[in-house]
Structure formats: C-alpha cells, structure tokens
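**Q** Residue numbers (this note's numbering), protein chains in the order written: chain A, 27 to 338; chain B, 27 to 338; chain C, 27 to 338; chain D, 27 to 338.
Simulated from the structure, these hints should not be mistaken for lab results. Among the clues, some could well be false.
A pair counts as met if it fits within one copy or between any two copies, since identical chains are not told apart.
[As the list claims (entries may be wrong)] Lysine-lysine pairs mimicking DSSO-like chemistry, simulated, CA-CA at most 27 Å apart:
id, residue 1, residue 2
1, Lys-147, Lys-245
2, Lys-245, Lys-189
3, Lys-123, Lys-245
4, Lys-248, Lys-147
5, Lys-68, Lys-108
6, Lys-108, Lys-248
7, Lys-68, Lys-248
Protein chains: 4
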Amino acid sequence: MYRPGRHFLQIPGPTNVPDRILRAIDRPTIDHRGPEFAELGKACLEGMKTVYQTRNPVLIYPASGTGGWDAALTNTLSPDDKVLAFDTGQFAALWAKAARNLGLNVDFVESDWRAGIDIGKLGERLGGDRNHEIKAVLVVHSETSTGVANDIPAVRRAIDDAKHPALLMVDTVSSLAAMDYRHDEWGVDVAIGGSQKGLMLPPGLGFNAVSQKALAASKTAKMPRSFFRWDDMLEQNANGFFPYTPATNLLFGLRESLEMLAEEGLPNVFCRHQRFAEATRRAVATWGLEIVPLDAARCSSALTAVLVPDAR
Amino acid sequence: MYRPGRHFLQIPGPTNVPDRILRAIDRPTIDHRGPEFAELGKACLEGMKTVYQTRNPVLIYPASGTGGWDAALTNTLSPDDKVLAFDTGQFAALWAKAARNLGLNVDFVESDWRAGIDIGKLGERLGGDRNHEIKAVLVVHSETSTGVANDIPAVRRAIDDAKHPALLMVDTVSSLAAMDYRHDEWGVDVAIGGSQKGLMLPPGLGFNAVSQKALAASKTAKMPRSFFRWDDMLEQNANGFFPYTPATNLLFGLRESLEMLAEEGLPNVFCRHQRFAEATRRAVATWGLEIVPLDAARCSSALTAVLVPDAR
Amino acid sequence: MYRPGRHFLQIPGPTNVPDRILRAIDRPTIDHRGPEFAELGKACLEGMKTVYQTRNPVLIYPASGTGGWDAALTNTLSPDDKVLAFDTGQFAALWAKAARNLGLNVDFVESDWRAGIDIGKLGERLGGDRNHEIKAVLVVHSETSTGVANDIPAVRRAIDDAKHPALLMVDTVSSLAAMDYRHDEWGVDVAIGGSQKGLMLPPGLGFNAVSQKALAASKTAKMPRSFFRWDDMLEQNANGFFPYTPATNLLFGLRESLEMLAEEGLPNVFCRHQRFAEATRRAVATWGLEIVPLDAARCSSALTAVLVPDAR
Amino acid sequence: MYRPGRHFLQIPGPTNVPDRILRAIDRPTIDHRGPEFAELGKACLEGMKTVYQTRNPVLIYPASGTGGWDAALTNTLSPDDKVLAFDTGQFAALWAKAARNLGLNVDFVESDWRAGIDIGKLGERLGGDRNHEIKAVLVVHSETSTGVANDIPAVRRAIDDAKHPALLMVDTVSSLAAMDYRHDEWGVDVAIGGSQKGLMLPPGLGFNAVSQKALAASKTAKMPRSFFRWDDMLEQNANGFFPYTPATNLLFGLRESLEMLAEEGLPNVFCRHQRFAEATRRAVATWGLEIVPLDAARCSSALTAVLVPDAR
C-alpha cells in the first residue's frame, strides 16, 4: 500500500526522532581514539549526569535498554543472590525473567497492574528478611505496559524504614528525560535507561546511572561479566573514551539531544509532557473510556494506557 | 584549529561510511513490532547469511562487535569450560580476557604476532587433549593489530585431523565483507562480527553466525545469559522481529549496505580490497619499510600494518 | 519561543517536502557536463513530459515559477503585443503586472474572484478582436488566492470557436502534479510551473511546457531575452544538458519526485488530492463557514480558500 | 561501472559542498512570509554584504549566476545602449552574447586570453568616447576558462582617469568568497555572483551587488524587466522578505555558508585559496607544464588553467 507523507510514530516504543537529531547522526564516523572524540565522549557523559540529576557516573553502552538490565545485575550481584521484584507490568516481568536467566533468585511479588507497586507489601517483605538475603529491589519507574508511574521516593523510604541494605534498582527506560527523575536525591543505586524514549534518539544506547554504594558492591560482585563491566568503562570514561568501539554516530545524536534538552530546560520538558499527558487523559475521559492507572497521582506522563472495550 | 573539507577516516577502526548509508540511517524510526519492520528484519537477517556465506542463522545484536564475543561464549559454554586461544595480536588477547572475565578457563598459547596462528602447535594442543576438555578454539580471522590473516580452513583441518569435538569460533570483525569468509564451507561454529568495518556502517551492531553444532551446544550450555540469548532471538527472528528493541536506524543502514554489496558483487568487493591492499604493500616496500606479516600469503586485505622505524 | 517537534507547513505556498526528496537533494553536486548528469537531465526532462501529459518539450529553469512567466512571455511575444488576461485573483494580477513590466499591452478583464474566468466574456473579447491584435490569452489554472480552478478545455473551445490565433498560456504553478492537467489534449501553448507545490520540492525550479505553435512563435518573437531563451535550452536539452549551470541538487530532488509520482500513479495522486479537498470542504461546511468558489464544479483540489467571519 | 567511495568533484564548475551545508539544506521548507523566514532572509542579505565588502544592498535571486547577468544589464541600461567588453575568455564572451541577446550594442574588444584585460586599450576606448555613448564596462574578475584574474582597481582607475561616467560591472562568479573582492573600495557598480563556487553551495542562487550610482541608473533604465527587477526586491528585502517565492532551502545553505566563512575569517579563506593555488602552480611547473596566465601577478587563486601538450 502506498503511504505518501511523513512516517509519524504513535507507539509506546521508540519515539519520533527530531530532524535535528537525525541530521546530527548523519555525519561521518570519527576516530574513537582521537581528541575530537574525547570532547564528544565527555559532553555525553557529563550531559547524562544532568539528565539523571546525579553527581555519580552514568555508563553509556552501545546496547539497547535491555542490555542495561544485564549491566545493572551482573556488576552488583553474585550468582544465586536473591532479588525482590513486583509484578507490576510487562516490563517488570521481563526484567525479572532477565534476572532469572542470569542465575539470580527472584522473589516476584504478585501485584495489581493497575495500582503499581504496593509500598506496604514491600515493607513487609523487607521487614521479614532478617538475614538480609535480599540483595536488590527492582522497580520500574514508568511502566510502559500500564502507564502507571511507581513512587520511587516512597520505595526508598520503605527500604530505609526497614533499615535494609538492599540496593535499589530502577528502570527509567520510558521515564528518563520525560518525567522528573532525581537519582541522587531519591537515593537510587542503579538506574537503567535507553536512548529511544525521552532522549528522542533511535534505539541503540543503554544507560546505567550508579551510586557510590553500587560501585562499592561491584568490587565484590561475583557474577561473570565482560561486555557490560563497569570498571573498564569507568577507567576509560575518565578521559572521554570507551574500552571498545562505541556507537559513535548515536553519540553524535545524544550530544544533540542533550543540547536540545538544555535549551528547553528539563523542568519545561517535564511540564510539557505533563500537559500533553493530562490532555490525553481528558480526551480519553471525554470518549467515555477508562485509563489503566487507578490512582490519578500515579499516572505516567510519558505514556497513557487506555482500557479498550471488547470488540464484540 | 579550523579544518575545512570533509572528515576522512584513516584508522583501522571504523571505516568511512558512504553517504548512501548515512542517508538510509537518517530517517524516522519505525515501529519494531509492525509489518514494515518485519520486512526490514528479514532483509537484514537474510542478507547477513549471504555475507557470511551460510545457510544457518546469523544473529544481529544492538551491540558492538565486542558484545558478539560475550554472545558466542555464553551461549555455547558452561562455567569453567576450557577454551584454547592464541596470542596472535591485541584483539586475540582482548577476546581471551573477555573469556576469562566470563569465568572460562583460557589456555592462551604464546605465538608470534608476525606469523599468526601456528597450525602445528594447534594440532599438538588438541592431540594432547585426550579427555576433550577443550570446548572451543578461538581464532581471529584478520588481526587488526598486525594485519595477519589466519588460515581458517587450515585451523578446521587441524581440528578434524585431531578428531577433536571442540567448537571453532572465529572473530571476523575486520574481515567480514572485505575478505572472503565462508562460514559453512570452512566449518566454523560461531563467527563474531561488527558493523563498522567491511559493512561500511557506523558501529553499533554485533553479529553471531552459527552452525547446527553450535545451536545444539546452546541447548545444554550453562553460562548465565540474558541480553545475548540466542533462543529468544531466533524465535523472534523467524518472523523478522527481535525480542527487545533493536537498533532500528542502524538496520536501515545495514539493509542499504547489503544492497550495495549485492550490487557490486561480493567477489568484486573482495578483489577490490585485495588490489588496494597489494597497492598499499607495494607503496610500503617502495618507501623502504617493512610490513608486519612475515608470510606474504597471510596478509590481510582489510588492513596493512607497517613497522615504523624508531623516531630517534 | 521553543517549539519542539517537526516543522509542518500549512500554507498555500511551498508544500511539505517528503524526507525522501530532501535526502535525494542532500548529496554532493555532480559535474553538469559529465555523463552522470546527462542521465539525470534526461530523466528530469522526460519525466516532466509525463507530468504535463505532453509529447512536446518541457523547459526547466533554475528559477522560481515567477521566472516561468518571464520565459513564457519573452520567448513568444514582441514588444507592445496585446495580451488578454482576467482579474480572477492575486496571481492572475501579478502575472498581468509582469506582462506590463515586460512592455506588453495587457487587456486585464474585470472578473469575479469567486467565479473565475467568464467564458462568455472571453468569447466576446476574442470575437471583437477582428484584427487579431490579441497575441496571447493568459489563464491561471488553479488560483492560489481563491481556490477556484478555471476550466482550461472551455477556454480552449472559446478560442477555437472564435477562430482566434492567440496563444493560450496557462499558469499551472499550484495545480501541476496535484490536479489533472493535459497539456496536449487541452491544446495549451505555454504552461508555467514551479517545483514547490504538487512536485513536493523546495522552491527553485521553474517550468515551461510548450506547443509546436509556441515554438514556431519563438522564431519570430522580438522581445529581448537571454537567461530565459528557449532555443539555447532546447539545443542543450537534446542531450540531457543545459546551456548554463543548472540547479543540480534540485534536479536530484526532481528525479526523486518524478519517481514517487510514477510509483503512486498520476491518476491516484489526483484522486488523493480530490479526496482530501472534498474532506476539507465538508469540514468547512460543518464549521458553518463558506468556501470562496461559488461553483462546486470549479473548486481546486490543490487548496481550499475559506471566507472567515469578521473578527468583531 | 561501479564506483564505490565518495563522489569528489574536480571541475572548475560547482565546487564540493561541505556536508554541513548539505545538511542545512536538508530540512523542511518554511513559510517565506513568516517571522522565521524574515530572520533567515536578513541573515543572508546582511551576510552577503560582508562577503562583497559593501555597505550597499546585495540582491539574491532564485537563479543561477547567468541570471545575474540579465539582472545587472536590464536594471541599469536602456535598449541599444552601448557597452564595452573584452574578449578575455569564454565567460567574458558568453556575457557579451547575453548583452547582445538583450538588445544592447556590445563593443567587444579583441584581447589576449592569456593576458586578460589590456588596461591601456580600455583607457583608449574610453578616452575616444567623447559623447559618453558607452554606458557600462563589463569585466570578469576571475576568468574560469583561463585562470587569469583581471585587476579590478586598475580598471576603475582607467575609467576615473578618463573621467568617464560608464558603470563598472564585474562578474565575480568564480572569485567571490575565494579571492579578495572589495566592492565599495574598488568602486564597482554592479557585481554578479553565483552560489556554486566560493560560497560552497549547490548552484541555484544568483547575486547582484550594487552601488548608489547603479541604483540611481535603475530609476531611468528602460530595458524591460520583471523577474529580475531590483525595485520590488529591495522593497521586500528591507524586511527580510522577497517579492516572490525564494529558493528557501538554498538560503538555509547560504546562511550556513556565511557562518562557516565568518568562523574561518574571510582573510584566512583567501589565504587558504592562495596557498592551494600556489601549490598547484608549483606542481604544474614540476611536471614541466605551463599555466595559461602569462603574468604571475594575474593568476586567479580560485582555479588554475594548464596548457596541456598535444596528445600526438
């Protein structure tokens, strides 16, 4: 079928890439060991700290966001370690599956997809874990399959209230650069992200924002890892470089994206998404349909999931 | 410093990307779950078989070639498995390091960087391995640090002569689509590749070409793996899709690259590289300098390494 | 003001340029005297005949459509020649002004902008011109300022009925490749076009489609002309070339545009515009507003002009 | 024939267009009556003054440089006016032909193509013209067919010495932005330029730099003109606009070009061309060949013409 006109993407997956970013990508690849690259690398690495609102390093992988899950888990944990996760949606489930694939022992807590993470249940689980067998808590910030945004500060408080040493890991794939996410202030240990959502890039870059506690854990973590090793990355990143060939052209795009976000201002970007999300929710209500999230305060502003009536 | 003119890359790393490929990449990302993507996926997956000269599947990762090493090793081996590798250059050494990082037991055979792999030594090693503890032999086809091209058919014969069941794994990162590489005919079990050399793409795609024997090994291999799992990939690839978000825009470029290679014809592409490599070697000889490879028959036609005189 | 998102043009002027055409333009300029250019030139010159539905030559100028007016008038007429034009809109008026600027004697007939050309009045004028002083009749096919489409076959019939030898000149700037236009069948002598409307290109190319009668007139026409001369153009066009530097990159775009039009099929393109125009007119009616054209049969399908109520 | 690699242009015609300019052109066309365009228009119009080193207006046409000849002649002269030109090369001859086509009376002085304009002869011609019948002197700055650069200040002095009121018109097509050209200081009345040489753009823009004397002449000049009229242009240009649809995307490129020239600095640009031209001349001498210009001081630094030996 002939489809004249511009392809406009309307899925929860990769977002539309601004022409400005496509043009930034569309240039000759440069030597990833030369001085011009060092500037590019530093701009991307520093810029990602701003987006994550962190003073700690952010790792950039030539991989999709899914690879970021592997990186987060293998760099901080040891075989058979127990991790706590909640069945709050399709991506929470896939992350739990990844953890099991990597040989971790996942306690996957039944949850209501329309409500998101149950903070009370989280507290109970941690309170009951007297021997601190749980090494990490995995939470998805904005669940792409439900449009529910989990309350990360509340998760942090529950862990703190339980005086539990588990690492807090947060999937920010669909929230990053679209919703306010404060890595340091909220006390997250590892955040996983991807390029193809709020950063307005094509897919192909995966991120790990870390904490000092996570870095310390990586010194003793025993899971095998090579491509996703933090240590080699951080050593090279110090000078703007990468231990192996990076996805240079996507980094051209990332630098442009970071400049666009800085020009608009992150708070304005978040406001814009909130306004559009609210407009979408009002439209849905006008159509007489229901959105998935039960609690208006827990709506993601990156995407809106709608319950559609039976086709019958 | 102001540098007018076009950036022209002259390193052994990423090669120059033709404008035609850059323009193919420079278009809106499409839905990776839609019918248009299925066509793109199939074209890329089928085309890669042609480039690898194989009837078996080729896996395409949103990762650099280095990720392909992880994929090859974790999908076919079990923790503590013994692998045989040869110190024939920088990339052979990095691959051995990756194997060690992943918990494998690497027998790293001392070698002459100017000669490449010693087939006799390989035969001895395999002959001496009565219990078949060696599970895989790792060989770099074209060593980017030396310009030596190892003789893959000779490696295969040595394994066959020793009646050894070890898997043969070959790094084709700098040879693929620049030098003749015959996956099926040469009996290779896993070949690792990347997008940024003979395929003329920016970096960001990693490949695994496999054999039926490698696929069988993956059913029982116990190394933990998630992002790089073959099984999930192959299941989705059957319909042109991927288990998680692929690097869609680089796949646009890959499809264009495969079309360009088909237009020129792979044998013509190989001839072109041979001619340019021979021209380079003659120029080096005229300058009174020596190339690294000692055996003219083992020169890579993808790159030429030159011994430079002391600066003193 | 920050405006994220893609610039989308919604004016009657230049139309949105498909990415496919922008990318075709975005490539190195080639030698306009070499064999590769000859192929480009021929593809463009032949393709424009298809779009104009003519077997006669179409001239392509590195100029906007306005330049096409100069070309049409100066190649066929002599100083002080009388031409007949109708005040059917802003572009009809500008064309008449151009003719006066060039030293022609314009009989500019008062008309109703909402009705378009009055065929009866045209017949009267021609019938009263016993000495055949009128050398050309100027008609705008689709008036961009009113959305009225004049009936070119009816104009032709009126000229024929009056047995008048005047040349028929038609401005097809906003109709070409959006509405059915049949140069040969309708007996038009010179048609003027531009690149920035139905051809989906950026502005910068102007066209003249001609008839054998117009070519004959150009042999004796005495108006001074150099840049816009048909004879030098046609001589060079025979081999795919141009007498002076053409707008090569816009020709890259034109070739792509012609391919896109051929892929969709001109009749399908016209249908598409009709459907969208009808949808627009129905929307306007639903809003309780009135469109400019009084006769539904004379609505342009390239654009729709709406009468907006007073702001008071 | 298959030609892998990047197309690199090596002709005296259009020059290589930097990727940065191609990418600037490769974006959606904007509304040429809106505020964003006004900024673009002003940036281009102001920037062109810098390149021409003038405080007077520069006109920008959606036309090739050849169109600039028409514009210069028709805006300042009247039918049958006498103009003085010198047969110093192919482009001088074509310009004289254009003048004749437009109905001017051309005194085309025989000259030595290897020497360029003979200042003595010019003085004689002007001195002999007691009635000031000569209305304009036409000189090509850098002759693309010979590589001779005519001495514009010397031409000006000769006119002044003869106390002759003729307008001085200079073709700067191949010199502009590659060689020092000082419109005001040198007292030129109309300079003609094109986009496809020193400005590094694709062809499709033509320029006229003017003087107050030329503007005054245009008030009384009687040659017919419409598309190329200065008055309508200047009126609209005052606000950054154009009287008819401009070549918007080429203006995107022009703005980028002007920024690149400003970043490098015009004097540095000129130096760069001089250095490359001198290098070229030395190479030609080393090959035992002769360049066309007889006087080393009159070599163009925009191009070098070489006498090639007979093929026999």
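**Q** Would you mind marking each hint as holding or not holding in the structure?
**A** To see whether the hints hold, each was checked on the structure:
1. Lys-147 <-> Lys-245: Close neither inside one copy (31 Å) nor across copies (38 Å); limit 27 Å.
2. Lys-245 <-> Lys-189: within (23 Å within a copy, 42 Å between copies)
3. Lys-123 <-> Lys-245: both (25 Å within a copy, 18 Å between copies)
4. Lys-248 <-> Lys-147: neither (29 Å within a copy, 34 Å between copies)
5. Lys-68 <-> Lys-108: neither (36 Å within a copy, 39 Å between copies)
6. Lys-108 <-> Lys-248: Both: 14 Å inside a chain and 19 Å across chains, each within 27 Å.
7. Lys-68 <-> Lys-248: neither (30 Å within a copy, 38 Å between copies)
The earlier numbered hints that this structure contradicts are 1, 4, 5, 7.
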